[in-house]
Amino acid sequence: MTMTNSETKADRISGTRLGYRFNIIGMVGLSVILFWALIAIFAPLIIPYPVGEIVDLDYFGPMSRDFWLGSDYLGRDMLSRILMGARYTVGISLAAVTIACFSGVMLGMFAAVAGGWLDTVLSRFLDALNSIPSKLFGLVVVAAVGSSIPVLILTLSVIYIPGAYRFARALAVNINAMDFITVARIRGESTLYLIRSEILPNIVGPVLADLGIRFVFIVLLLSGLSFLGLGVQPPYADWGALVRENIGGLPFGAPAVMAPSFAIASLTISVNLLIDNLPKKIRDRSE
Amino acid sequence: MVNLVEIRDLKVEATTDSGRRVEIINGVSFDIAEGEIVALIGESGSGKTTIALTLMGHARPGCRISGGSVSVAGKDMVTLSEKQRARVRGTEVTYVPQSAAAAFNPATTIMDQVIEVTRIHGIMSSDEARARAVDLFRALSLPEPETIGRRYPHQVSGGQLQRLSAAMALIGDPKLVIFDEPTTALDVTTQIEVLRAFKSVMKKGGIAGVYVSHDLAVVAQIADRIVVLKGGETKEIGTTEEILNGAKHPYTRELLAAFEPKPRGAAGAAESGPAPLLEIENLIAGYGQVQADGLPLVRAVEHVSLKVEKGRNLGIIGESGCGKSTLARTIAGILPAAVGKIVFDGKELGRSARERSRDELREMQIVFQYADTALNPAKSVEDILARPLTFYHGMNAKARSARIDELLDMVRLPRNLRHRRPGELSGGQKQRVNFARALAADPKLILCDEITSALDTVVAAAVIDLLKELQRELGLSYIFISHDLSVVESICDEIVVMYGGRKVEEISPAKIKTPEHPYSQLLFSSVPRLDPTWLDGLEQDPELVRAYRQR
Amino acid sequence: MNNRVLSLVLSRLLIALITLVIVSFAVFFATTLLPGDTATILLGQAATPEAVEGLRKAMHLDDPAIFRFLRWIVGLLQGDLGTSYANEMPVADLIGGRFINTLQLAGVTALFSVPIALTLGITAAMLRGSLYDRAVTVLTIGVISVPEFMIATSAVLIFAVYLKWLPALSFANEVTSLTELLRIYAMPVITLTFVISAQMIRMTRAAVIETLNTPYVEMALLKGASRPRIVFRHALPNALGPIVNAVALSLSYLLGGVIIVETIFNYPGIAKLMVDAVATRDLPLIQSCAMIFCLGYLLLITAADIIAILSNPRLR
Amino acid sequence: MNDKITNWTSSDDALVENAIRRGATRRELLQMMLAGGVALSAGGLVLGRASNAVAATPVSGGALKAAGWSSSTADTLDPAKASLSTDYVRCCSFYNRLTFLDKSGTPQMELAEAIESEDAKTWTVKLRSGVTFHDGKPLTADDVVFSLKRHLDPSVGSKVAKIAAQMTGFKAVDKQTVEITLANPNADLPTILSMHHFMIVADGTTDFSKGNGTGAFVREVFEPGVRSIGIKNKNYWKSGPNVDSFEYFAISDDSSRVNALLSGDIHLAATINPRSMRLVEAQGDGFVLSKTTSGNYTNLNIRMDLEPGSKRDFVEGMKYLVNREQIVKSALRGLGEIGNDQPVSPANFYHNGDLKPRAFDPEQAKFHFEKAGVLGQSIPVIASEAANSSIDMAMIIQASAAEIGLKLDVQRVPADGYWDNYWLKAPVHFGNINPRPTPDILFSLLYTSQAPWNESQYKSEKFDKMLIEARGSLDQEKRKAIYNEMQVMVANEAGTIIPAYISNVDAITAKLKGLEANPLGGQMGYAFAEYVWLEA
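These protein sequence lines map, in sequence, to chains A, B, C and D.
Numbering of the first sequence is given in this note's numbering, commencing with residue 1 and proceeding in unit increments.
Numbering of the second sequence is given in this note's numbering, commencing with residue 1 and proceeding in unit increments.
Numbering of the third sequence is given in this note's numbering, commencing with residue 1 and proceeding in unit increments.
Numbering of the fourth sequence is given in this note's numbering, commencing with residue 1 and proceeding in unit increments.
Among the hints, a few may not be true.
Claimed, not checked - Taking CB as the label site, the calculated pair distances span:
{"id": "1", "chain 1": "A", "residue 1": "208", "chain 2": "C", "residue 2": "129", "range": "22 to 28 Å"}
{"id": "2", "chain 1": "A", "residue 1": "115", "chain 2": "B", "residue 2": "405", "range": "53 to 59 Å"}
{"id": "3", "chain 1": "C", "residue 1": "10", "chain 2": "B", "residue 2": "150", "range": "25 to 31 Å"}
{"id": "4", "chain 1": "A", "residue 1": "208", "chain 2": "C", "residue 2": "162", "range": "29 to 35 Å"}
{"id": "5", "chain 1": "C", "residue 1": "10", "chain 2": "A", "residue 2": "206", "range": "40 to 46 Å"}
{"id": "6", "chain 1": "C", "residue 1": "303", "chain 2": "B", "residue 2": "423", "range": "38 to 44 Å"}
{"id": "7", "chain 1": "A", "residue 1": "197", "chain 2": "B", "residue 2": "473", "range": "28 to 34 Å"}
{"id": "8", "chain 1": "C", "residue 1": "303", "chain 2": "D", "residue 2": "136", "range": "16 to 22 Å"}
{"id": "9", "chain 1": "A", "residue 1": "149", "chain 2": "B", "residue 2": "423", "range": "42 to 48 Å"}
It should be emphasised that the hints constitute simulated quantities derived from the structure, not laboratory data.
Bear in mind the structure is a predicted one, so any value in this text is a computation, not a measurement.
We treat Cβ as the ideally placed atom computed from N, Cα and C, and that holds for glycine.
Sequences and hints are given; from them, build the entire structure.
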């Protein structure tokens with residue numbers, strides 16, 4: 001049958017030998033993410049022009065040999081701005097998602113293991129937090145304390161802690177009902193041990209996938225906040241801010257507005273693709 | 001003569017995680033005549049359910065019929081289109097699932113589901129279908145046949161659901177009914193009811209059947225012929241008589257041997273010292289809010305007292321919901337007792353595990369029924385066994401490693417298994433690891449909560465043998481909780497029968513044939529025997545049955 | 001049985017109420033943290049120290065925060081949302097019309113997007129693994145990956161500026177007919193549908209697929225039921241809980257999350273009102289808007305929970 | 001949020017306040033004012049095709065829709081409290097003033113028939129007869145007294161309370177005559193009365209949301225923060241208005257405002273971003289840009305009493321570092337004129353044309369920075385959307401600084417609260433100043449030692465003396481010479497860098513005719529509604 005042929009081909013591509021099955025779509029996603037991660041790290045070394053410098057007398061310039069992605073609304077080199085923007089978009093989002101998921105997951109596991117009124121209080125409190133619309137929450141925070149990178153990161157994390165909490169708690173409650181937790185409890189283990197060694201390893205997979213989706217949301221929320229005027233300090237700009245400040249170029253299809261949009265889309269789509277196609281550990285029983 | 005079913009060289013492939021295709025059914029062939037009931041018997045993974053489903057042209061997701069033919073009433077289910085298969089399903093071939101509780105849609109009424117077949121295939125009008133369903137309910141001796149259909153699945157008991165699912169299978173007047181382990185999830189007393197109902201309906205209608213089971217004794221009561229399967233291959237085919245009395249294949253003999261009673265040796269008799277190892281007095285425990293009298297709302301264990309002598313084993317037997325597991329959890333301190341005293345090795349224990357010292361916890365270990373959930377799937381066998389060693393004995397890495405080897409040896413597992421995770425082990429292996437973890441604590445008493453019920457008969461027998469052996473070597477005591485009389489009988493020195501949260505009788509295995517309490521009598525007599533005439537010849541006091549049957 | 005449902009529903013309502021109390025507490029104290037002294041802002045140029053002192057007294061600003069909170073809560077319970085600092089109109093009057101606008105937009109969007117999302121989600125689940133399923137999946141990923149202001153601005157450029165099919169603004173026009181209404185709501189609704197549908201599609205698909213893997217669905221298949229029958233009679237009723245939940249979560253976005261859409265289409269809803277209120281430090285207005293958002297969220301979530309409870313015969 | 005109008009208002013308070021305070025003794029100013037608008041020389045011109053329309057004949061009918069850029073729940077129809085351009089536009093459509101400024105900046109009579117004074121201290125206002133309010137009540141002297149006097153009541157919270165404070169006596173002499181007594185003589189009163197806050201409302205009005213005035217439109221709908229609709233006043237005492245109704249609202253998002261115009265939803269989009277011009281122009285003949293160059297500018301202020309501005313060389317270096325050409329080209333997209341660091345714009349009669357802008361010279365700048373010892377330091381520069389284009393300017397200067405090793409730390413801060421919290425306060429920050437009619441007002445407001453808004457803390461006794469000398473001089477040439485010198489002094493000595501004078505651009509549909517520029521600001525000094533007409 002033809003099925004068998006395609007199977008073996010897929011095997012060859014995805015490198016089954018590592019003990020993991022990883023399909024080509026997932027690998028494409030991972031490659032794009034790695035690409036942007038590398039860009040974020042090495043951006044200052046590879047940008048062709050200083051980020052803040054006006055190098056083109058025209059604005060919304062087209063793609064050219066000098067300016068690969070054209071120029072922005074002030075005549076700055078778009079390629080350089082996008083490469084540097086990767087730092088902010090990827091960096092801020094990553095920091096925020098890490099904080100959000102770490103705190104959310106820790107609290108969620110704690111609530112699940114502790115149970116009782118602690119669980120109730122935590123759940124109610126985070127539910128309340130969840131009910132506040134995220135963009136408006138961002139606006140109020142920035143009105144209160146001003147906009148800086150730490151404020152942005154913390155705001156984004158706080159917005160997404162309830163979600164991570166809910167998710168992790170739901171998973172942990174399931175795990176907590178398992179007999180091996182009971183076994184550990186009556187062995188006399190501490191709550192910390194239960195969380196760290198018994199529950200965490202079992203929810204880390206879904207939590208990582210959840211982290212990926214939350215990362216996408218944060219990237220989008222960050223660009224939404226940039227639209228409302230909250231973001232990193234000039235001359236730097238995250239991708240959302242780049243789209244926002246160059247949105248006037250949209251009628252002309254200026255690369256200045258298309259390129260950062262594609263950058264956002266490429267990152268978020270890749271993360272989604274990766275999550276939907278995470279490498280699967282092969283568990284063929286070979287007894 | 002033309003058989004109703006002819007299976008020829010059937011092959012089914014499954015796709016593994018790695019995308020590899022493996023044959024899980026490897027060239028199976030057998031026939032079923034009109035009105036004949038054929039049993040497919042084998043342990044889990046033998047492919048019995050897979051074969052049964054191919055009779056409907058169905059393969060579970062990830063599987064595919066890759067070769068051979070399955071002819072049902074002249075139609076080859078393998079080559080039919082999905083639409084054509086749908087026409088056969090529910091009318092000519094029907095299915096009674098293993099767990100009716102899961103196979104009923106929780107969101108619609110029972111009647112709607114029972115008569116759905118007639119709607120799908122337009123067999124008869126709704127009213128006719130309803131009338132017929134009520135007839136079937138009556139034939140299957142369901143209570144309140146007129147109204148039971150209005151209920152939702154969660155509102156009836158497991159045994160009734162199982163019979164209702166049979167009604168669902170029979171309503172379309174099928175030629176062939178597939179029973180997929182229909183009584184496995186039921187208590188023995190209920191199982192009898194269900195088996196009887198099935199048998200009479202099938203015989204009356206002259207309907208052919210496929211009965212999938214791992215339990216030879218059950219199969220013996222209902223099947224005309226038996227197909228013994230292992231690893232996707234037929235090992236032996238024969239009439240029930242032939243298989244029971246003249247099994248040729250060694251595997252069949254192994255299956256039969258697992259049924260032979262292996263009474264407890266006299267090993268533990270000597271050591272009954274003055275102080276018992278465990279003494280429980282007047283224990284009350286349960287769930288829900290604490291009431292004004294200081295007792296929980298739902299009391300699962302009521303006024304239970306018992307004693308375990310050093311080096312001797314206590315069996316606790318009863319049907320689901322009798323409070324035996326709650327009792328074990330209360331003893332272990334998982335569920336603190338509301339009232340009562342637990343004295344262990346001369347010391348009174350705290351009611352909750354939290355109030356007990358580390359040593360007290362160490363000396364009494366509990367092993368749970370499902371090794372799948374009792375072992376952390378994210379950890380390797382080595383890590384699982386190492387933790388109690390570190391926690392209780394503070395061993396360093398080297399000592400730990402040596403002790404893990406010893407433990408694996410003790411439970412008869414190869415040492416190289418230590419790097420595997422539970423998911424990569426078979427059911428029997430998992431249960432051994434589960435047990436090894438309890439041994440790692442160096443306990444005096446091990447509470448075994450239904451540790452063999454999730455295992456295949458042969459595997460379970462091996463585990464029991466292991467427990468006996470370890471007891472001899474280590475001088476342990478067990479409290480053995482089970483619904484399976486033969487298991488308890490084979491390992492215990494004392495047997496406690498529980499019903500409705502209370503201890504109804506305490507007997508010794510010697511007197512097991514002659515229990516005094518009527519419930520014990522009912523329970524013990526309900527255990528199927530390897531005798532095709534047992535069910536038909538069994539007489540139970542209907543009063544008694546009504547009084548004690550769970551719902 | 002009915003008692004059980006009643007007590008479940010009541011407990012859900014109680015939980016919502018407790019959450020609301022926590023929310024009101026948080027909203028009140030978070031807004032008082034906004035920089036700037038209320039009295040000074042209100043008095044503007046006339047802010048002499050004596051005047052500020054007088055006004056602070058008159059407004060009870062010097063009272064302990066907890067008293068002010070209680071006074072505010074009591075006012076809320078009596079339906080008194082307070083008086084706007086910015087233009088001295090009752091907050092209720094300011095919110096009134098705009099709240100209706102928000103509800104209208106949310107309503108139209110819900111009517112439009114929920115059926116689309118559910119249809120796509122369910123059909124994708126039915127045809128799991130097919131080309132159609134993959135197309136839907138890729139589409140949803142693509143849609144949630146584009147910032148909404150891009151979608152909105154592009155839509156305006158295409159449909160309003162170039163094609164001139166639809167108006168660029170959503171409120172500037174008088175509504176005279178149904179077609180007019182459709183034209184006016186078209187673009188914000190399209191944009192919002194893009195934004196909120198993806199999540200609903202994903203969740204619906206996942207929930208349906210999960211129930212499609214249950215034994216009772218296999219049972220239905222073995223009864224010879226057709227695919228649509230399997231999905232609509234067996235899978236869907238049991239997937240209702242998670243689906244309703246996803247819908248409620250997505251719809252809650254339509255209250256406070258639409259700020260960007262309101263900005264771009266100049267639609268006078270309460271999200272923009274709250275942004276205005278933040279800019280003018282109009283605390284009573286900020287608090288009221290925030291409470292509306294939170295209340296809306298809780299109502300939706302609680303309603304979803306209750307629907308899930310009622311739709312489940314096991315709880316009924 | 002981009003609300004420079006708030007600033008505009010408070011600037012105007014001080015403008016007139018200063019004029020009153022100092023102008024009282026100046027007979028020549030009084031004469032000039034009465035002679036006809038020499039003082040108001042802020043130039044206004046309409047560019048592009050719009051200017052052709054002016055000559056055409058008005059057409060009646062049509063529903064006019066226009067969008068400003070800033071609106072909130074604080075929107076009001078109380079002229080005393082008006083603070084946003086949106087409020088001005090609305091007030092202009094519902095009310096009338098006693099006087100208004102024409103396109104040349106000359107005060108013209110509106111509700112007043114004549115405003116006369118013998119000594120500039122006691123003024124007699126003769127009212128037009130036959131004017132009625134929308135509710136039918138005829139306009140009387142009592143209405144005028146009420147309208148003006150209420151600014152003195154602190155509970156009203158008038159934005160021009162301080163200016164109004166100069167008016168100490170109000171007397172309704174008869175039904176059509178009002179006598180206003182000033183604390184000190186001031187020839188500028190007719191100009192003061194043309195301010196948008198001094199709209200005439202009906203006597204005893206407490207609820208202003210009805211917009212009951214004598215203006216060209218009758219209020220139909222008014223929702224703060226949303227929109228207003230006015231219906232043509234059939235009994236309007238002037239001829240007009242041309243359109244049947246006038247709807248006004250704000251679209252804060254710049255591209256949305258332009259898109260709304262292009263899609264035909266509105267007829268006028270006020271104050272569009274320079275970069276949107278290309279889009280409008282690309283649409284062909286259907287749309288027209290109306291540009292107004294007055295004296296508005298955004299400036300970089302270095303406080304000379306604080307580090308690092310206290311080092312003379314830092315200020316000097318910064319002036320060399322500002323690439324004015326690039327700012328006009330890139331940040332303003334050509335919509336502006338290069339500035340030479342002093343506030344009197346080229347449109348002003350007194351502008352010193354010989355004072356050349358400082359050349360962009362990074363080397364010179366570096367030399368000065370080295371002398372000041374600031375290279376390698378990080379110097380915070382505060383910018384905000386509140387000050388028009390300041391963020392773009394800041395980034396341009398920042399980039400130039402980076403090349404010579406000076407690190408400017410541009411901090412973008414929220415627009416709301418900017419004028420209270422950062423302007424005049426931060427060591428290096430941006431400001432935005434709206435046009436003033438005379439150098440005297442500009443200098444006294446912004447550069448004398450006692451100036452309330454001395455942005456760079458510039459202190460020069462010589463400068464103060466020269467200002468008084470110019471004020472007392474009757475000789476226009478001599479005054480010009482003095483002002484010229486003062487401009488040079490400001491350019492060279494003060495810490496305010498004025499890189500460009502910014503033009504305002506309103507985009508309109510070509511159907512909208514009759515829009516002229518006005519020195520009071522865009523949208524025809526906010527009063528366009530009653531003058532324009534829609535061509536079929």
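Earlier hints that do not hold, by number: The structure conflicts with hints 2, 4, 5 and 8, although it agrees with all the remaining ones.
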